[in-house]
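Chemist: Here are the chains, one letter per residue:
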Amino acid sequence: MNTKPDSQSSCTSNPESWLAPMLWGLGSGLTAAVATVLFLLTKMPLPLRATFVILPVVLALGYVRCVIGMFRRADELQRRIQLESLGFAFPATAILVMAVDLLQQAKILPAIHWSWGPIICAMCLLWFAGYLNASRRYR
Amino acid sequence: MKSLLRELRVARDWSQADLAEKLHVSRQTINAIETEKYDPSLPLSFKISRLFKRPIEEIFMFDEADPPK
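For the protein sequence lines, the chains are A and B, in the order given.
Sequential numbering from 1 applies to the first sequence in the numbering used here.
Sequential numbering from 1 applies to the second sequence in the numbering used here.
Chain A extracted, bound-state conformation (with noise of 0.2 Å):
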């Protein structure tokens, strides 16, 4: 029956609250940028790389810990609404991943090798577009 949002956590409802998230993944994503660069340019020890595999890693557990509680906190249309998006964003990132890779062997793309990052990028994207389309509709 609570429906109050709860200022026990960091993270609140509120918009403001998005800047530790937002914080958590960036700083995830540098991490991320920065390891592939050093990885690439560096012959650094095994302890090093397996420090730089790990940090990005825990930067985007935090990050998820963040929307989590936000999804908690939120009331229950905010809480609809990050559904819709989220059902959006999902299946349709792996409609598009499908896509791309079909197209790709069917030599209709040029066969370019793509990692994590596009999809990420392209899974956000959707995100919020899903989250903007689910606004709209409850205004």
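I should point out that these hints are in silico values taken from the structure, not numbers from a laboratory.
Among the hints, erroneous ones may be present.
Simulated restraints on C-beta separations [what the hints assert, rightly or not]:
{"id": "1", "chain 1": "B", "residue 1": "E57", "chain 2": "A", "residue 2": "R136", "range": "27 to 33 Å"}
{"id": "2", "chain 1": "A", "residue 1": "L23", "chain 2": "B", "residue 2": "H24", "range": "24 to 30 Å"}
{"id": "3", "chain 1": "A", "residue 1": "F128", "chain 2": "B", "residue 2": "K37", "range": "18 to 24 Å"}
{"id": "4", "chain 1": "B", "residue 1": "K53", "chain 2": "A", "residue 2": "A99", "range": "23 to 29 Å"}
{"id": "5", "chain 1": "A", "residue 1": "K107", "chain 2": "B", "residue 2": "H24", "range": "55 to 61 Å"}
{"id": "6", "chain 1": "A", "residue 1": "P118", "chain 2": "B", "residue 2": "E7", "range": "50 to 56 Å"}
{"id": "7", "chain 1": "A", "residue 1": "S115", "chain 2": "B", "residue 2": "M61", "range": "52 to 58 Å"}
{"id": "8", "chain 1": "A", "residue 1": "F128", "chain 2": "B", "residue 2": "D39", "range": "38 to 44 Å"}
{"id": "9", "chain 1": "A", "residue 1": "C124", "chain 2": "B", "residue 2": "H24", "range": "26 to 32 Å"}
Here are the simulated lysine to aspartate or glutamate pairs, DMTMM-like style, with alpha carbons at most 25 Å apart [said to hold, decoys possible]:
{"id": "10", "chain 1": "B", "residue 1": "K2", "chain 2": "B", "residue 2": "D39"}
{"id": "11", "chain 1": "B", "residue 1": "K2", "chain 2": "A", "residue 2": "E76"}
{"id": "12", "chain 1": "B", "residue 1": "K47", "chain 2": "B", "residue 2": "E64"}
{"id": "13", "chain 1": "B", "residue 1": "K2", "chain 2": "A", "residue 2": "E84"}
{"id": "14", "chain 1": "B", "residue 1": "K22", "chain 2": "A", "residue 2": "E76"}
{"id": "15", "chain 1": "B", "residue 1": "K22", "chain 2": "B", "residue 2": "E64"}
{"id": "16", "chain 1": "B", "residue 1": "K47", "chain 2": "B", "residue 2": "E21"}
{"id": "17", "chain 1": "B", "residue 1": "K37", "chain 2": "A", "residue 2": "E84"}
{"id": "18", "chain 1": "B", "residue 1": "K37", "chain 2": "A", "residue 2": "E76"}
{"id": "19", "chain 1": "B", "residue 1": "K47", "chain 2": "A", "residue 2": "E76"}
Only a predicted model underlies this, so the values are computations on that prediction, with no experimental measurement involved.
Glycine residues also receive a C-beta, built at the ideal position from the N, C-alpha and C atoms.
Dock chain B against chain A, hints included.
Modeler: Below, chain B without anything else, positioned relative to chain A:
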């Protein structure tokens, strides 16, 4: 779902923001309920019922012909 929420709120001279604050939800939620774009959950319906001191079925009119929102 049709409701008397707007009428009850206006009768008390509350804005949507006032009601949202009393119910600990967003103003968008109140607006979506009043414009019949969103059906509130059972806990929120009970909160509304207690706030206005009216039974739920007096505030919300369920019509089986309406698709769930």
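Chemist: Look at each hint and say if it fits the structure.
Modeler: How the hints compare with the structure:
{"no.": "1", "hint": "B:E57 <-> A:R136: 27 to 33 Å", "verdict": "holds (31 Å)"}
{"no.": "2", "hint": "A:L23 <-> B:H24: 24 to 30 Å", "verdict": "holds (27 Å)"}
{"no.": "3", "hint": "A:F128 <-> B:K37: 18 to 24 Å", "verdict": "holds (21 Å)"}
{"no.": "4", "hint": "B:K53 <-> A:A99: 23 to 29 Å", "verdict": "violated (56 Å)"}
{"no.": "5", "hint": "A:K107 <-> B:H24: 55 to 61 Å", "verdict": "holds (57 Å)"}
{"no.": "6", "hint": "A:P118 <-> B:E7: 50 to 56 Å", "verdict": "holds (52 Å)"}
{"no.": "7", "hint": "A:S115 <-> B:M61: 52 to 58 Å", "verdict": "holds (54 Å)"}
{"no.": "8", "hint": "A:F128 <-> B:D39: 38 to 44 Å", "verdict": "violated (26 Å)"}
{"no.": "9", "hint": "A:C124 <-> B:H24: 26 to 32 Å", "verdict": "holds (29 Å)"}
{"no.": "10", "hint": "B:K2 <-> B:D39", "verdict": "holds (9 Å)"}
{"no.": "11", "hint": "B:K2 <-> A:E76", "verdict": "holds (19 Å)"}
{"no.": "12", "hint": "B:K47 <-> B:E64", "verdict": "holds (23 Å)"}
{"no.": "13", "hint": "B:K2 <-> A:E84", "verdict": "holds (23 Å)"}
{"no.": "14", "hint": "B:K22 <-> A:E76", "verdict": "holds (15 Å)"}
{"no.": "15", "hint": "B:K22 <-> B:E64", "verdict": "violated (30 Å)"}
{"no.": "16", "hint": "B:K47 <-> B:E21", "verdict": "holds (12 Å)"}
{"no.": "17", "hint": "B:K37 <-> A:E84", "verdict": "holds (15 Å)"}
{"no.": "18", "hint": "B:K37 <-> A:E76", "verdict": "holds (13 Å)"}
{"no.": "19", "hint": "B:K47 <-> A:E76", "verdict": "holds (13 Å)"}
Comparing the model with each earlier hint shows violations of hints 4, 8, 15; every other hint is respected.
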